[in-house]
Structures are given as C-alpha cells and as structure tokens.
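> Okay, here's what each chain looks like letter by letter:
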Amino acid sequence: MNNFIGMEKKISKREFVKYGMLGMVGIICCPGRRVHARTYSGSLNKHTKEARFYISTPRGVRCMICPNECTLKEGELSDCRNRIAKNDKLYTIAYGNPCAVHVDPIEKKPLYHFLPESRSFSIATAGCNLACLNCQNYTISQTSPTKTRNYDLMPDKVVEKAITNNCKSIAYTYSEPITFYEYTYDTSKIAKQQGIKNVLVSAGYINEGPLRKLAKVVDAANIDLKSFDDSIYLKLNSGKLQPVLNTLKTLKDEGVWLEITNLVVPGWTDSETMIREMCQWLYANGFEDSPLHFSRFQPMYKLTQLPPTPVSVLRKVREIALHEGLKYVYIGNVPNTEAENTYCPNCHEVVIERRGYRIMNKNLESGHCINCNTTIPGIWN
Amino acid sequence: MNQPYHLATVIIVTLILYFLTWLGWKTAIISKRTYHYIWNTALLVTFVATAILGVILALQVNYKFELPGLDTYMMFHVDAGIAMAIVSVIHLVWHWGYYSKMFKPHKVKKNISMQYLAENEMDLLDRKAVLSAIFYLGLQSILVQTIYIREFLALFTGNELIIGIILVLWMLMTGFGSVVAKKTKIAAQGIRILIVFMAIIPLLSYLSMNLLRYELFIPGSEVDLFSSTWFIALFQLPFCIISGLLFPQLVAQAGHYRKADAIGSSYALETIGSVFGGLIMGFLLFHLTNNLNILIIGLFLGSSLIVIQDIKHSKKFIIGGVTIIIGLAAWMFPVERKVKSTLYINQDIQNIDNSVYGEIVQTAQFEQVNIYENQQLIFSSGKEQEIEEMIHFPLIQHTDPKHLLIISPNISQIIKELKLYPCIASVDFVETNPVLIEYQQNMIPDSTSFNVNIIQKDPVRFFRDSKKQYDIIILDAPPPSTLNYNRFYTQQFYDLVNQRLLEKGILSTSLPAGMNYMNPELINLIGTIYSTINQVFNDIVLFPATKTYVLASNERLSKQIIPLLESKNIEADYVNPYYLDVWAMQQQQDQIIQGINTTDTRNTQNHPVGFFYYIDSWFSKIGDINRILIYVLAVAIMGMLLINKNKYLISVFISGFTVSGIEFIVILLFQTTIGALYQYISVIIAAFMLGIAIGSWWPIRLKGKAVIYPLQLFIAVITGGYSLYMHVTDTYSLVFVYMALFVGTGVAVLCGMVFVNSAHIIKQDIRATASMAYSYDLFGSALGALVIPILLIPFIGFIETMVGIAIINLFIGTITAIRK
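These protein sequences, in sequence, are chains E and R. If you number the first sequence the way our numbering does, the last residue is 381 and the count never jumps. If you number the second sequence the way our numbering does, the last residue is 1820 and the count never jumps.
Derived from the structure by calculation, the hints contain no laboratory data. We put the CB at the ideal spot given by N, CA and C, even for glycine. Some hints here could point you the wrong way.
Just so you have them, the derived chain E footprint on chain R, three or more residues with Cβ under 8 Å [claimed, not checked]:
hint, region
1, 1212 to 1226
2, 1344 to 1352
3, 1370 to 1381
4, 1509 to 1516
5, 1570 to 1578
Whole structure, please, built from the sequences with the hints as guidance.
Structure representation (structure tokens):
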C-alpha cells in the first residue's frame, strides 16, 4: 500500500533540516492574526497625557470613552490607535499633535444652520474608533499619531490660530474627535472662554458620561448616522447603531445644536424602507427641526467597487424624509440642486439660497423667515 | 466579540479536504482504511475541541472563569462545531445502510464482487490515450490558468501582485501534486477519473468563486492580500493537485511505449498542448466567447478523451450525456449573466464582453451608467466632478487651446465638458480597448463644434507613430498600479509627450489624492512622479482635489484657479468659485511640495519605482504584508535547495526560475516599450513554451553530467550579454524588445535541455524521476514569478535583474560541475 513521503523510513539529518526550514517558513507565513495586539513602543512625552474616563481592572486598564471599551494591558494600544496603557494608567498619545489643520467653510462640515458663511478652524489627530470601509479620510483615521507627520499645536495655540485666521469656530473633524477627547475638551474649554464656538464632527460613537461632559463646552455637532441597521453598522463600520442613537438624544438633551448626516451607499444604505424607518425614528424622538443631510457616496478607500449614488436615489430619499415630517432635508455633494437651499416649512419660500459653500441669497432676519416670520431653528449669529 | 463565525470558510475547507481524500481513495493513493481513519480522527478532534471549549464557556458564564485570550479561542468553539456537523453528515452517508436497515425488513446479503482489487492493480492505457491525455493536460492547464487569472483579477484588485500570487500558488500546488505522485501508482481507471475531474472542476470552481465572492467578503470592498491569497489557493487547489498528480502517472504510462526518453517527450508534448491552448485562447476563443464557455469547451475535450477510450458503453453514455446537458444549459440560459449579477448589487447588467484586456461589464442604475473593467469602476456618469477637474484645470491654463489629445475611456462625458470652450478645433481620443470605445460611441453627444477622432491604439505606440502636435495632452490613466500602467508615468513616456506638445503646450496627468492629509506613502509616490516630470518640463503645478492633478509645461503655469476661471468665463457644475475650496487646495499644494524631495528616484523604464511606491501606498490602504516574508521564503527555498543531495534537481529548479523570470522580463519590456501587452502575451508565452518543447525534444540528446554545466554557462552568457546590451542602449526600441523575445526563447530552449538532461541523469524509476523533475521545475518557476516582478524589477531594475539571473546560473552551474 502507498504511503505518504517520509512515513515509512527514518529521516536523515539533511531531510530534517529541509523540513524544518519548510516548517519555519510555514509558521512565519501563517501568523496568528487574530490574537495580535497593537503595542506602543514610544515613551511618554508632551503629547501623551493621562486620559479621562478609564478604570483599572484585573485584566488591564479599561477605556470608558466609547462603546468599544478597550481593555489594555501594559504597552498596548487601543482600537482607535491613540490611547495606551502605561504603569496601570491610560494615556492619550494624541494631545496637541494634529496631523491635519485647515480653515474650512462651515458648510463643508456640513452645518447649514450654524453661523452660515463663516470659517471654521479645523483640526484632526490620527485615529478612529470605527473602521468604515468608505472612509474618505482613511489616511488619518486608520493610523496612529505615531505614524503621521504632526503639527505641534497645544490647545491654547489652536485657539490663537483660530482667532488669527478670523475663524468663528473650531471644528474637531476629519477623523474622530472622540478618540482625541482630552485634546478636544481642553481646546473647547479655552475657546469657549475666548468667545470661539466649538463644533464636533463625529460618528457619535461615544458613551453617555464622556459625551455629557463634552457637550457642556461644545456648541454644535454634525453626527454621522451611517445607517439604521445594526448589522450594516457592524459590517461597514465595525460599530453598533444604538450608541449613536443615544448620542443624538444626549446632544439634544444638552442643548447642543445638532445636524445629522446620512451617507447613501448604493447596495448598503440606500434601502427606502430603512431610510423611512430612520426618518420615523428621528421624527418620533423630536428631531424634526434638526437638519438632515443625505450625502452622495463616491467610491473611496476600500469600497471602490461600487458606483456613486445616483442623484435620483438621493432625491427619492429626501422626499421620503420630508414626507415623514422632517423639516430641513438637504442633499450633499450634488451641485445646482434646490436641495441645497433652506426652505421655510410654513410658507415654503427659500430662506437661504446656497451654491456650494456660498450663500447667494438670504431671506432670514434674526432667525425668522422674512416672508412669514416663522422661526427657522439654528445658531445664525 | 464582533467577528462573524467562519461558516462558509469552514464548510468549504472541510468539503474540499473531504473531496481530496475521497479522490485519494478512489485513485488508490490512500487506502479506504486510511480514508476512514482520517475522517474518524477529524470527527474526534472537532468533537473534543467543541466539548472542551463548551465546558470552558459554561464555566465562564456560570463562574466568571477568566483565561488570557479566551475570547479568541471561543470563536473556535463554534467553528469546530460547524466542522463537526459537516463530518457528521459525511459519517451519515457512510453508514446510511446501517440506519436505513433499521427501517427495512431483513434481507439476505449478496456477494459483492471484488472489482476494486482488479482496479488497484497497475494496468495500461493505450498509447493514443496516453499521448492525447498528456496533450490535454497541457492544453486544459493553460485554458484553466488563463481563465482563473482573468476571474481572480476581476474578483480582486488586479495588479502584478495578484497575478504573481496566482501563478506562485498554481506552481507550488501543482508541484506538490507532483511530489505526491512520486510514491503513488495510479491505475488506468484512476487516471480516467482524474481526467474527468480535471475537465469538470474548473467549471465548478468558476461558478462557486463568483457566487461566493460576496458571501465570503464584504460586497463592493477591496479584499486584503491575506484573504485574497487563501481564496485563490482554495479554488486553485483541486485542479492543481490533480494536474500535478497526473503528469508523472502519464509519463509512467508513456514509459511503457517509449522507454528511452519518455520524460523529455512527455514534457515536450505537454508543453505543445500548452502552446496550442495559449494560441487558440489568444487568437480565437477570447474573441468569440466568454470564460464560462471556454471552460465548457475544456470539459467537452476532456469528456471526448474519455469517451473514445475503451470503457463500458454505459459509462460513455453517462459522461457524454452529462457533458451535452451542461453545454446545452450554458447555451440556452444566460448563466454567466446570472452568476455575475451577484457581483453588481442593485444594478442591471446591460452588457458583458470579454475583451482581450479583460472582462467589461456595463450596468445601469436608475439614470446612471457604469462601466467596469475587471470589476474596477472605470466609467460612471455619476463621476462628473472628476471629469470636470480633469478637463478644466489644464484648459483654463492655456490661452488658446485648439488641438487636444485625450487618453481616456470617458469620451462621452469629456465631450460634454469641452463644449464650454468654443476655441477648440479638434480633439483626438486614444483608447486601447475597442469594447470601451464601442460602449462610449452610443453615449457621445450628436453635435459638437470641433472635430472628434477616436483612435483605437495603445497610447505609447500612438506617441511613437504619430507626428501630430497638440496644445493640451490629458492623460486619464489609472495610477501606476501595474507595470503596464506605470509606463504612462516614466521619464521615457514624458519625453514622448513633450515631443508631441506645441509651444506653450500643457500635459495634465493625475495621481491618487489624500483628501485632508497626505500620508508618507502617497507623498513618496507623488514625489517620484513629480521628480520624473521635473526632468522633462520647466514648470509643474499640483492641484489636489478629488485626485492630485499634475500639470506640466515648458511655459509658466498659474496656481490661481479662480482668476483663470473668471477670465475664461468658465462655469462648470463643480469647477467654479462656489464649490472649489481654494484655500484648502493651496494649503495641500504647499504640504505636498514641502514633503517632496526633488532628488527622489526617477520613475524610468528600467527602474519602475512608481509602481513600487504605488504598491506601498496600496498596502497602507488594504493592510500591509510583511515583505520580509517573501525574502524569508525565497532564502528558505534557496537554502533548502543547496542542501539537497541531488544537484541535478537544483539545475532543474534554476532553469524553471530562469524561464519564468525571463518570461516576465520580456512581457514587461513589451509593456513598457510597445504597450498593448494583451495582443502579444499569447505570442510571448507561446514562444517560450515552444522553446522549452524544442529543448526537451531535442533530437540529439547530450548525455552525461558534463552537459549541464555548459548549458547553464551558456544561459549565463546569453542573459549577461543581453543585460550589457540593455545597459548600452539608451532608449528601448522595437528591435530591442524583439531581440529580448529571441534571446528569451533561446534561453527557454536551453532550459528545456537542462530539464531533460537532468532528468536523464537522475537514476530513479521513471515516475519518481518525472515527479521530482516536474515539481522542482514548478517550484523554481514559482520562485521566479514571486520575486522577479514584485521585488527585483521595481527595486533594482530590469538590467540588474538580468545580471542576477546570469550570476545565479553561473553559480549553480559551477556548483553542479564541482560537487560530487
């Protein structure tokens, strides 16, 4: 009967070396990917600061900022890549070292009912607590501050730069400000004292305690409600839906001006039924006055095998949202549409006519429609 | 614990392993006892794993029992359970009689004939059957390999890295099948079964790989390299193992009829089958039909081979009948369209065409039209912003753009934008793929104020042949993601472009963008291309937008877009003062310029570093592989060889490495110099195969070990000589690349001779010799396919790679000569 090679005889020294080498190559080629933990080999420096909201457990320090609640052993890096465990304490390594610093029009965030036509001093450090496959800022979000080229910009300097650049607000944006919570909070606190407003552009994946504290110093937020389905949240973003819904409620409760963005990804988040359910939930929970921005998907990051969202789909979902009772529904990334404008929900006249990032016409006085005096919610001055 | 369980993976892997062991039993490689032993053990292992982890889970839930890494291992609790369920089904099938008997009245057992014993004894196929089977092996292998390459390129991001992985896995697994064959005798009946499987497995693989792509991976998403690799390995494994197993068996059968040189002639015949297959694919089948039908043709050929043999009529009818039913089903129903529709979610497939450049699919989604080439979105009527930026950024820079050359498949959308410029007199579009031109022609607006010429030609060849000059040349090519695309970013290409530009002419090209932050990988890529363009043009400006647009001219260019737009009175939908965030654009320009080192290595024909940097940037996106692994693998394979006691097998290995390496170099030289790879690739592969066939079937056999050294020395001299010629030749000409093909074919002849003479010297039985020689040849080819296109050429350049091949042949040849 046939035998496999080497089964019927003793192997020689030469064969032992040969198969040993093969085995080693095999072991190297099949690393235990799942059990691999990210580590941080750098030392503590001025950009590392003891984190807030963490507890010590017998298995390591547990970060309590976001629902991921990473438990980190000595030297390990969190899922968001910018929190480390050292000497039984949790540190942020993203303090005062943003890699992206820009001055953006506020409409780019997008915020349409918040200081229109103003400029926002926008900063981001590397890292994110989600892993969206369509992230347009993946070069920032899916890496760590140790791997990016950073500016040295402590909170007081950020505020100083914002004032110098004639910005009315500071936006914590591009990646995920929740992951550089301490930097965001401290900067916001100083900015508030100096009369500069603070804008949070976030996926809203944060626990209630830290959010309530942060909301005290934040003036406006654009929260990315990525879908209304928990399994899509898991597959497309590595997150969960409920914490984001909780965030919306908390921000409303804390009186932060809120606008919501929903990216319509073909084949993933373009289901009319799902969008209807989302709008019904928003209406039922008192968000009918919060602007909702349906954003057009463009092939990005890993999701490059999908086409852009057809404009007719965006128009359709806008109709659904308006039909469900939401008053201010916009379409983003599509030029020259009426869906860029703000309409008075009472007389249906154009209150603000927009083109791209600019305002072409404004029929609004002290937050009221000039035509019928209806209050248009927002922070206008 | 957010990760889903590996339901599909565990089921597929278990079923494939089951199939392989079943095949092993049926072809008498393993006994029925061993076969049962393997699956009884599998059942035990999965049962024990599930049971132990189940108990730990209970302890964890009830008593908060904690162990380091327990969550990770808990995943295996369910995975092992899935595997156990599959193995249980297998056991149920084995013992079906036992269970069914419980419900049936007792019957007296009949005597079962002992046919198996007779089948296990070695018997012979007739001579014609052996020869036709060897020819079919070569032919079917090349058909299947080519279809697999096309399908995998369409399923995953297609670049040289993926092609390298496909080929490396193919050769390693076929080589492994051949190693298994060393100590395995398969009877005639077993060989027939293997041929049937070889005919039908590709068809099943084709269907399952397309249907499972989005079951196993996230729809619409690129897949990381590790996952692509195991997917490719999984679907290639059955065919490769069978073909590797079959070759030595057929050589052993051939040995009964042609004792003297069965190995050489069988190798040559198999190669001729491959040459034939490659040629009919390239010149006939790809133009006439789709991938599915090509596999059905392969199935027909395999079935015919069995049906004409001396087997029972009932079996002939079954095999023939099944084949005809499959053929009719594929002909009557739109199977391919149904299969592919799973890959284009919520889109209506309008057309599927197999051009020589790959699979082209046109879909409609409401008002939007999308065109995919190998599943990469290359055109969408929804990508207006990109088109506007690509057109208006260069056109507003020129005072009077009259004659334009645009290299792009987006003809219809571009024409719509060009209508904003009344000064334009003529526009020439150059596109390689005729299918894309055909699709676009249906969408072109009826009337234009300028002449539109659509030229179907490779851009590099167009630049070489044309004498016309232009005000603006726009290059809308993919980034240097393959060596083929990289040639549009080389210094030699920019030189050609410069010659075709009129005074004040402008070149516009584009690279990936970093949105709000450019990572170091992107800066490296842009820096290299910037430095390369800087060698040819006097002024360069960058416009970071949806892509990083690079404009170059010998005249001064402006960085201020808005004043230019206003002076030209151009107002497009996106490119206008309202949408352009000029402040951010300016800031990013400065950031890139600061990051660029103008002394960065230039991207040239010989040294395509642009491709290398693009792959780096791609890794930063999809997840890096440890490149050191490739080096470790390469060094380990080489080290393993050097300690091998049979020095002639090392020569076979090196000849495999040399042929596959030089074949890659010739293909890439054709790409970089002439372009239009796809029209030549069949010819190049056929030339190499023919060279090997001639070498293996050389009428005057040089016998004795003394011949190996001179052959390898000769190979070293030829490759070394050609690298010297490359070194002294400044620009690669047509003569230069045809000379490369001639030299490559010559090397293939010599390598064929090394193979057959080495096999002749190895004093073992014929099957064992064929098995070892064939597997070492494949392992060598695998190493060549792994390191040459991915590591050596981009890293050290063409010339140095050729020198390296020469040195390796000289070194190994010398070792062969002096080692006892």
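> Are the hints correct? Go through all of them and say.
Here is how each hint holds up against the structure:
1. With 6 residues carrying a beta carbon less than 8 Å from a beta carbon of chain E, the region 1212 to 1226 of chain R meets the three-residue requirement, and the given coverage holds.
2. Coverage of the region 1344 to 1352 of chain R by chain E holds [criterion: at least 3 residues with CB-CB distance below 8 Å; count 3].
3. Chain E is given as covering the region 1370 to 1381 of chain R, and this holds because 6 residues of the stretch bring a CB closer than 8 Å to a CB of that chain, at least three being needed.
4. As drawn, the region 1509 to 1516 of chain R meets chain E at 3 residues by the rule of a beta-carbon pair under 8 Å; at three or more, the given contact holds.
5. Only residues whose beta carbon comes within less than 8 Å of a beta carbon in chain E count, and the region 1570 to 1578 of chain R has 5; three or more means the coverage holds.
Hint violations for this structure: none, all hints satisfied.
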